[in-house]
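Given chain Y, put chains P and E in place with the hints provided.
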Amino acid sequence: MDMREFDSPTKNTWCPGCNNFGILAVVKQVLAELVNSGKAKPEELVIVSGVGCHGKISDYVKVNSFYCLHGRVLPPAMGIKVANQRLKVIAFAGDGDAYAEGISHVVHAARRNLDVTFVVHDNEVFALTTSQVTPTTKIGFRTKSAPKGSFETPLNPLHLMLSCGATFVARGFSGDPRHLKSLLIEAVRHRGFGFIDVLQECVTFNPIREKYASKIYDLNKEGHDVTNFSAAWEKACEVERIPIGIFYRVEKEIYEKQLLGDRILADEGTIPSIKKVLQEFT
Amino acid sequence: MAIGGQAGDGLMRAAELTGRMFNRLGLHAFVFNDYGSLIRGGHNFCKIRASSRQVWLHRGSVELIAAVNQDTIAKHENELTEDGRILYDSDVAKYEGPHRALPIPLTTMVKQAGGISIMRNSAMIGAIACLYGIAQGLVSEILNQAYGDKATKNIELAKTGYEYAEKNFEQILKVEAIGRNPTPFISGAEAVALGAVKAGMKLYVTYPMTPSTAILNYVGPNQDELGIVLVHPENEIGVANMALGAAYAGVRTMVGTAGGGFALMQEAFSMAGQSEIPVVFAVGQRVAPAVGAPTYTAQADLKFVLNAGHGEFPRIVVAPGDPEEAFVKAGEAMNLAWKYQSPAIVLVDKHLLESYMSIGIDESKVWVEPAKVAEGQEEEYKRYRFTDSGVSPIAFPGKAGAIIKVTSYEHNEYGYAEETPDGIEKMQKKRLLKMSSIIQDLKGRETVKIHGTPAAENLVVAWGSTKGAILETMALVNKPLKFLQILYLSPFPEWEVSRHLRAAKNVVLVEGNLTGQLGSLITEHTGFHIKNTVLKNDGRPFDPVLLAGKLQEAFGWT
Amino acid sequence: MPIDPDFMVKRKKVGTHSGHDVWGPVNPPKELGIHGTSVAVDWDVCNGDAICSEVCPVNVFDMVEVQGHPTSNKKSDPARESDCIKCLACEINCPTKAIRIEK
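Protein chains in written order, with the working numbering: chain Y, -1 to 280; chain P, 18 to 575; chain E, 207 to 309.
Bound conformation, chain Y alone (with noise of 0.2 Å):
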């Protein structure tokens, strides 16, 4: 398969501009290549997203989709996998329906080790509805809904992600679409729940891109050793500079297995008599 199969009729909405357009394009190229090497049939593919720029993707994908409600991308994508754990899904939240809204969801499906990968859009502001704070915002930053700016402490999501048990915990940057779509590829090869928060600038509401990026640089090119769970966490504290690539990952029986086994609930079509069972009330 090539990429442009699954360029979707829709028009785009994007803004010019827009990093997004990087993250669509690496995702189609991923899409791709999962069809091509064999891992996946074109029609076990499933992207959920949730409602935010980010959410269009679902739009501009030519692939099932489940585009859900805000804030809610995980709890679909765990029922998907548990009816049908042959699918392969990829789930999309911003970092306002991930962090936010959604905060809850993202806790437990890294702690039950769900095998999806989650990507999260975050370019530290809620966009689609013109402009507020997201736990991910940076203190000072002014928006309608914080207009002396921010006071609010940002969290971590790799801080957040590590204490929550993920297996697989990395930074990507919308400015470097290559290496995302390598991050990509990893996480979807991952065996459990592939977290990737991707730095990006809303060109509308908040162009960091080129400050972010004389400070990005590649941590797995300088030795960092992705098992150990300390090193990933400090590496996450860095500001100074900003590390993108795979901090931590480490295997860990998935949920699916843990919960059916092998079994694929959309397969199984017989029903039990329950003549036994009205014996036991009776």
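Just so you know, these hints were derived from the structure itself, not from any lab.
Any given hint could turn out to be false.
[What the hints assert, rightly or not] The calculated lysine-lysine pairs, modelled on DSBU-like cross-linking and capped at a C-alpha distance of 30 Å, are:
(1) Y:K209 x E:K303
(2) P:K167 x Y:K274
(3) P:K416 x P:K443
(4) P:K167 x Y:K273
(5) P:K356 x P:K447
(6) P:K382 x Y:K274
(7) P:K443 x P:K466
(8) P:K548 x P:K522
(9) Y:K39 x P:K191
(10) E:K236 x E:K303
(11) E:K236 x Y:K9
(12) Y:K179 x Y:K136
(13) Y:K219 x E:K280
(14) P:K176 x Y:K274
(15) P:K416 x P:K460
(16) P:K356 x Y:K39
(17) P:K522 x P:K567
(18) E:K303 x Y:K250
(19) Y:K39 x P:K548
(20) P:K399 x P:K416
(21) P:K443 x Y:K9
(22) E:K303 x Y:K219
(23) P:K356 x Y:K60
Frame of chain Y; chains P and E shown alone:
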């Protein structure tokens, strides 16, 4: 009889087992439990009733009180009939009143057997069995079935209690097995689960909340036997959204929750309507609003569920009145949800879910009715294809050559977001069009039930678990009475309800809420305004004796 | 050195290629000029990276072979520049700033 003690004394189990004993003999039994929102202490009691005829409710007055503490005697003595007796743990309680005392040293018995306090029940069950002339063998059988390998001490204590009663107490009466094949002794919770299973449910998603926890308590340990999987996610919003995902991927799913939990699911319910993903919601009512009285029953969430989820879209709402109806209607709800790709609500309550009664369940009444599935290779699959009925052929991810896009946004036939005026209205109408098909389907099902004298001028109208109280009340009054029990609330079966209302001279509405919610629904759909109402919201089922008096008043009988 | 943003004023159209204009001077093989107008790629700056064709959501570009150019043997050709939706992904991501989108 009434069995009472504190929470933690295992009374509900004891009452259930006692009821099961009577059921095994072919009698009809009913067990009602009353408990507060706590784990230990307080006052828990159960009312047990058995008869050779079908019983639909327990009685307020009792002929035997079985008490494991003093408090129970104090609280229930005034319910005792004139020649009633009080069986009590003489180690912890005293009785010197006018009724016949049956002191039994339960605590000592348990200590001597090396058991724990909660086992006093088993000794008590033994004593009760003896008082009713039930063979010891049956007691052992029931305990064996309940506790399996761990039953030894319980059976031993039951024997001790039995022999003590044999030696010290006069039999109350000898209950003979009547020549009738016993029917299941079952609760609404179990019946709802079984109905859903027979209609194809493979996944049950829930978050604990009384009274729906009763379903979880049955389904959890019996997943393998039922061929299903139970998942308990982090919160109700997770529950509902997970159910949507699972149904999207092709698995028949039911959600279990209570009124307050369903409140958290509103957006997801709305999405079920928008995205046409079929899910069944079993909603258990209790005293509301907010946390309310968690362990007490009510019928006050009807309007809430009828209007659940923002926006306009079809939904199915059915309210069974007893476990047999719970079995059939839960199955119907699942089938209707999948046939018409609309969310369905099985509206139940604490009384229905947690009371046990003897009632026949016919497994053949529920089967998997096929949904409209996309066949073969369509030219280009459209999840929301416009059709004459509004129902698009459904397909699930994994189907070769099809791209299945579902969305919470308004959308076009392919499932891409849609904002044009024409596009929006067309898709809105498509969904609402499905209502006609659902109504047609319902016309071939039982949407109401008529009880009593079909030609009677006096008509009682009600829904849900008040059914039991009303049927018992009808047996107490000596005037011809007709009872219209409404099962389906959405779509509303006005084709049935209107004609029964027109045929009646006097109509009384009976509901377990204070605003007459069914009454206003009837007015909305039929124009009929029922002026005479008997309403209450005190957390308890109607007492037939009191209800008979109220009906007398309402119908103006002297 | 990035593409000259004022090329439409400073340069002359010297030919067409694949349906778009070519802005001179063009002296192959060492000087190839600017291809395209609304999607303009300076072939003398283009290093054949191809990130533009990877990120373009509407498949504007084809990577074409050239011979003997000092910067690279591959150039990004805006073969379908009329399809451009002005997302700017190519312009933003080009490592040598060889692309200019008419805004």
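Hint-by-hint comparison with the structure:
1. Simply put, K209 of chain Y and K303 of chain E have alpha-carbon atoms about 18 Å apart, close enough for the 30 Å limit, and the pair holds.
2. For the proposed pair K167 of chain P and K274 of chain Y, the alpha carbon gap of about 22 Å is at most 30 Å, so the pair holds.
3. Simply put, K416 of chain P and K443 of chain P have alpha-carbon atoms about 27 Å apart, close enough for the 30 Å limit, and the pair holds.
4. Using a Cα cut-off of 30 Å, the hinted pair K167 of chain P and K273 of chain Y holds, with the two alpha carbons roughly 26 Å apart.
5. Pair hint K356 of chain P plus K447 of chain P holds up; C-alpha atoms about 15 Å apart against a cutoff of 30 Å.
6. Of the supplied pair hints, the one linking K382 of chain P and K274 of chain Y holds, its CA atoms being roughly 16 Å apart against a limit of 30 Å.
7. As the CA atoms of K443 of chain P and K466 of chain P are separated by approximately 37 Å, the hinted pair breaks the 30 Å bound.
8. With a C-alpha separation of about 12 Å, the suggested pair K548 of chain P and K522 of chain P falls inside the 30 Å cut-off, and the hint holds.
9. With a C-alpha separation of about 70 Å, the suggested pairing of K39 of chain Y with K191 of chain P is violated against the 30 Å cut-off.
10. For the suggested pair K236 of chain E and K303 of chain E, the alpha carbons sit about 19 Å apart, so the restraint of at most 30 Å is met.
11. This hinted pair does not check out: K236 of chain E and K9 of chain Y have alpha carbons roughly 40 Å apart, beyond 30 Å.
12. A threshold of 30 Å between alpha carbons decides the hint, and for K179 of chain Y with K136 of chain Y the separation of about 26 Å falls inside it, so the pair holds.
13. For the proposed pair K219 of chain Y and K280 of chain E, the alpha carbon gap of about 28 Å is at most 30 Å, so the pair holds.
14. Taking the CA atoms of K176 of chain P and K274 of chain Y, the gap is about 29 Å. The hint holds against a cut of 30 Å.
15. The suggested pairing of K416 of chain P with K460 of chain P is violated, with an alpha-carbon distance near 34 Å, which exceeds 30 Å.
16. A threshold of 30 Å between alpha carbons decides the hint, and for K356 of chain P with K39 of chain Y the separation of about 28 Å falls inside it, so the pair holds.
17. Only pairs whose Cα atoms come within 30 Å are accepted, and K522 of chain P paired with K567 of chain P is accepted, the gap being roughly 18 Å.
18. Of the supplied pair hints, the one linking K303 of chain E and K250 of chain Y is violated, its CA atoms being roughly 44 Å apart against a limit of 30 Å.
19. Distance check on the hinted pair: K39 of chain Y and K548 of chain P sit about 63 Å apart at the alpha-carbon level, beyond 30 Å; violated.
20. Using a Cα cut-off of 30 Å, the hinted pair K399 of chain P and K416 of chain P holds, with the two alpha carbons roughly 13 Å apart.
21. For the given pair, K443 of chain P sits about 20 Å from K9 of chain Y by alpha-carbon distance, which is consistent with the 30 Å threshold.
22. For the given pair, K303 of chain E sits about 26 Å from K219 of chain Y by alpha-carbon distance, which is consistent with the 30 Å threshold.
23. Proximity of K356 of chain P to K60 of chain Y is assessed by CA-CA distance (about 27 Å); at most 30 Å being required, the pair is judged to hold.
Against the hints set out earlier in the document, violations occur for numbers 7, 9, 11, 15, 18, 19.
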